[in-house]
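Asks: Spelled out from the first residue to the last, the chains are:
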Amino acid sequence: MKLRDLAAQLACRLEGDGDIDIIRVAGIQQAQPGDVTFLANSKYEPELARTRASAVILREGSIAAPCAMLRTTDPYLAFARAVGIFAPAWRPAAGVHPKADVSSDAHLDPSVSIGAFVSVGDGVVIGKRTVVFPNVTIGAGVQIGADCVIHSNVSLRERVVIGDRVILQNGVVIGSDGYGFVRRGDGTHEKIPQVAGVVIEDDVELGANTTVDRPAVGETRIRCGTKIDNLVQIAHGVTVGRNVLLAAQVGIAGSTEIEDDVVFGGQVGVSGHLTIGRGSLAVAKSGITNSMEPGAMVGGYPAIDLKTWRKSSVLVKRLPELRLRVNELEARLAELVSEAGSSKDTSR
Amino acid sequence: MKLRDLAAQLACRLEGDGDIDIIRVAGIQQAQPGDVTFLANSKYEPELARTRASAVILREGSIAAPCAMLRTTDPYLAFARAVGIFAPAWRPAAGVHPKADVSSDAHLDPSVSIGAFVSVGDGVVIGKRTVVFPNVTIGAGVQIGADCVIHSNVSLRERVVIGDRVILQNGVVIGSDGYGFVRRGDGTHEKIPQVAGVVIEDDVELGANTTVDRPAVGETRIRCGTKIDNLVQIAHGVTVGRNVLLAAQVGIAGSTEIEDDVVFGGQVGVSGHLTIGRGSLAVAKSGITNSMEPGAMVGGYPAIDLKTWRKSSVLVKRLPELRLRVNELEARLAELVSEAGSSKDTSR
Amino acid sequence: MKLRDLAAQLACRLEGDGDIDIIRVAGIQQAQPGDVTFLANSKYEPELARTRASAVILREGSIAAPCAMLRTTDPYLAFARAVGIFAPAWRPAAGVHPKADVSSDAHLDPSVSIGAFVSVGDGVVIGKRTVVFPNVTIGAGVQIGADCVIHSNVSLRERVVIGDRVILQNGVVIGSDGYGFVRRGDGTHEKIPQVAGVVIEDDVELGANTTVDRPAVGETRIRCGTKIDNLVQIAHGVTVGRNVLLAAQVGIAGSTEIEDDVVFGGQVGVSGHLTIGRGSLAVAKSGITNSMEPGAMVGGYPAIDLKTWRKSSVLVKRLPELRLRVNELEARLAELVSEAGSSKDTSR
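Chains as they are written, first to last, in this note's numbering: chain F, 4 to 351; chain E, 4 to 351; chain L, 4 to 351.
Rather than coming from a laboratory, the hints here were simulated on the basis of the structure. Predicted model, so just to flag it, every value in this text is computed and none were measured. Be aware that a few hints might be false.
To be verified - Simulated crosslink set (DSS-like; lysine-lysine; CA at most 30 Å straight-line):
(1) F:K102 - L:K131
(2) E:K102 - E:K131
(3) L:K310 - F:K320
(4) E:K102 - L:K131
(5) F:K131 - F:K102
The following block holds chain F by itself, in its conformation from the complex (with noise of 0.2 Å):
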């Protein structure tokens, strides 16, 4: 594709030679001639000076490259429609796969597409042009949207209801039952039914071996736009709203409510039962214990105000110097005192 082509298609200003073929996008330290790369994170500025690509993607005002530039106000978002442009555009044809076995009670659009091995439960609806790849299972009463992509090995439980536009990458659990029992006297523990609904709307992404649980009562909830990562922890009651983004192996706790726009770094954990408000944001590793305010920014275990926790966390890796100071504050008052004694035994 000529660089003048694909200036237009992504709507950046093009600054160089227009005439340029450009194959491929690559990142700023692998880019040969004929890719086109970006530069969105300043981190990474010192590699433009000394990088073969062809063309790069660069936010209006900025320094410039020692090649043809694509300028926009949002360099990240054209890389990402750069790598659509050139991604090889690849779907499995429609139809149910011959070895595949779907309910005759299952109502699927035609333009759905079955892989080999996926078991299609009775009362399954699924719209259209959603994609199952193989070895997936969908429970009984399960509803899928349209233009869903399910990857293989998935496992969506009986009544599990999709929105339009879902990915669910490999591995991924739905309505799995919720961890909710009660202690019985002699110390062994009644599993409480968990038979309620999950519901995954519109726009989630969910990643691979993630699971998200269903509870006995009320339901399991992503809202649209939300995007998790793989390895993640969604237990049964638990609401996670919109546009929400889940880094891997974060745990959520039982009925505890994500609001919208909520960030959480890898490996948060957060308890049950907590309002995680709206806007809040928690750094990588962060155990959540009490509820956030919307806006609110915390990091550590118990997770506090993010800005207390830095201070205090590069503190904790001085503590050893602050004791040693602490024992001389104690030897150098006990000699005052011992010296003021003295001093006023010879004052008088």
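Fit chains E and L to the supplied structure of chain F, relying on the hints for placement.
Replies: For chains E and L alone, kept in the frame of chain F given last:
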């Protein structure tokens, strides 16, 4: 169902109109007319006055609700049983699905249900009424007891032994190779063949995508009545006692023994070769690096006595203040020393 | 097997009766007559006197056992090999199971074994003697080398490349979409198509339910000889060097480079875009927020030098005491100042 009949089935004392029709169990905030709800956690007491439920399950002697009441000494247990009464009693029909693959050398009770795309290896034995959902793989020589439920996409590796009434949520892996390697002189690692057994005793439940490894020698064992949440790692050679509760994303390193009645919060990690004493407890995210006495309660990393940890972790966030106080002490002491010096001078 | 023959096969020096029949390898505590056991960890030395084993593998020059001994410079390695000698040498027969689904366009060596319900996509290449267990999904264009073992319920996404002698435990996902999104002006997120490759080099082992994401551009790569435990997250664009060891539930964020010979304990988390220097080490639960020098050893979160962290973390639990000492210093200093004042007064 009439409230009167529900009260009888739950062995609760009825206060109010026994003729009310109950159609569902619901959480206190979501309940509608026709629903029975419950109050077990005092945190939700303020909700009681405004519930729209037709009836509430309540502790004997506790506050009153503005609707009919079912009084009991254990409202959470009564709630659990009420959920079971209203839950859809659904199970797949007995028999082997024509699209399953069962070795001619396997021994399945005729009451067993085997779903589509289930692979059952040579010498496998499965007891009465056990249900195996689609896309499960059961390796050669596996033994499974009666009344188990094995959800889709579970992997049971060769020779694993499963007791009665075991529930395996979707994606569980049992009997994968333990992480056992010997470093060679050249820095590469030689695999120690992991060929010994795994035993899951009666009434155990394992959460979605939880993994239980097999060891090289000895065995990995999870004893009766233990309930384990999602995404938990049980390493090779670990023993987990009876009626243990491990919340989501816990990791237990190799050869550690967890005794009976232990409770771990989410994301706890335990080092290898330790003994975690009976009835001990670790709060979420604890990192346990030493064996624990029976009944011990710990928190933090490295995990310490829970009360000490609670006090210390509060002080961590006050470290900037503590440092300022030490700075000031040093300044004032220096001043005092200098004053004392001049005072001594003047007194001479 | 005669102990004499075992000694020869393990290249150990025999002390005692070479005519003893050995039937099994066992742990030192579980060993019975007829078993050979080993002592590699000095922690278990007290068990040696009371072992019931018929023979023990021991370090040259270390203490003696009350039974026959196999002396060697590396008892753990000899143990590993002994396990292999007694392990059942079991592998499925070569050939494609009639209930598998293999694209007519795939190239499988005749010695390959493909289990039931395995889906093999277009253009897949699989090398000699590789074994694929049931319910595995292998996407279009995947390349797999020789002598690999791919356990049940693994997902290999399109175009993933796997070397020789790679072992993938059950439920592993390779090539799932990286967690890459661009925030739009309205707070929603646009997916960056994750279409680049993943390469798993020779002799790598990945633990059960571990996930390895693909990036938008560049590649994700795990180099030769690296061994990764269960439930580990390797994000998009990460490079993991040779002979690296990552314990269970570790998470590596996007674009980070882990150099050769690095060792991470369980539940370690690493931020994105870092370089973790060759031969460095992080103890369990470390949270690494900065690049690490070769050979560095760290602990804690944010991770700091291991020795400093060990000292500091001990002091954290003594913070209540430290605060009391500061309280007392302040009180005594105030008293001293007041005394000094009155002393000065009286001296006037």
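Asks: Hint compliance check: list the failing hint numbers for this structure, sorted ascending.
Replies: none
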